[in-house]
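> Listed below, chain by chain, are the residues.
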Amino acid sequence: QKEVEQNSGPLSVPEGAIASLNCTYSDRGSQSFFWYRQYSGKSPELIMSIYSNGDKEDGRFTAQLNKASQYVSLLIRDSQPSDSATYLCAVNYSGNTGKLIFGQGTTLQVKP
Amino acid sequence: EPEVTQTPSHQVTQMGQEVILRCVPISNHLYFYWYRQILGQKVEFLVSFYNNEISEKSEIFDDQFSVERPDGSNFTLKIRSTKLEDSAMYFCASIRDPSNQPQHFGDGTRLSIL
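Protein chains in written order, with the working numbering: chain A, 51 to 162; chain B, 712 to 825.
In short, the hints are calculated from the structure, not lab data.
Using N, Cα and C, we set each Cβ at its ideal position, and we do this for glycine too.
Keep in mind that a hint or two might mislead.
[To be verified] Interface residues of chain A toward chain B, partial, derived using beta-carbon atoms under 7 Å:
no.: 1; residue: Gly79
no.: 2; residue: Phe84
no.: 3; residue: Gly148
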């Protein structure tokens with residue numbers, strides 16, 4: 051059973067701080083990794099994608115991938131109250147079909 | 712930017728009735744997906760569809776479920792005889808190349824079974 055694990059939180063940080071979200075996955079054959087943001091009652095919205103080891107930065111967001119440790123993380127710098135949402139880690143185990151396995155999500159609360 | 716569109720946004724159906732959820736994927740995408748999310752739970756893969764056939768399905772996707780691409784634009788999910796436990800948000804997603812691109816999700820259909 052291929053699994054993606056996240057701490058459900060809530061993770062609470064003050065406005066302006068760095069929020070660090072973590073995700074582990076079970077299958078070493080995993081190829082692609084994604085972070086989605088989901089507001090309550092809404093659909094997942096892509097934040098970051100990462101395909102190779104190392105860091106990838108996009109604005110205030112940095113994704114980090116360590117395939118040896120089967121670990122992917124998302125850093126949000128200068129957190130804003132509008133960043134308050136559930137962050138979903140998703141893993142593509144099969145490059146052929148593109149099927150995504152999602153973690154349960156981490157709820158982030160950014161307090162003004 | 713092109714979007715995946717889903718209709719209806721909310722569907723209320725009596726248990727045992729058939730329901731069809733509709734999706735219009737992004738026009739040049741080739742791979743299509745349905746996921747569901749029961750309230751308070753994780754997003755779960757249901758089925759992937761490529762070249763007019765199912766390429767992978769989950770254990771959830773039993774004989775009560777079917778998918779179809781009836782024309783060049785729509786991608787539908789049919790639940791033949793709905794059960795209470797089918798109540799969930801259903802998301803459609805599409806992609807051109809799954810090896811190196813992220814999936815884009817529609818806004819979802821909230822299915823409520825009474």
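> It remains to establish, for every hint, whether it holds in the given structure.
A quick look at each hint next to the structure:
1. Restraint check, Gly79 (chain A) versus chain B: the minimum CB separation of about 13 Å is more than 7 Å; hint violated.
2. At about 5 Å, the closest approach between the beta carbon of Phe84 (chain A) and any beta carbon in chain B falls short of 7 Å, and the interface hint on this residue holds.
3. Using the Cβ-Cβ criterion of 7 Å, the hint placing Gly148 (chain A) at the interface with chain B is satisfied: the shortest such distance is roughly 3 Å.
Of the numbered hints listed earlier, the single one contradicted by the structure is hint 1.
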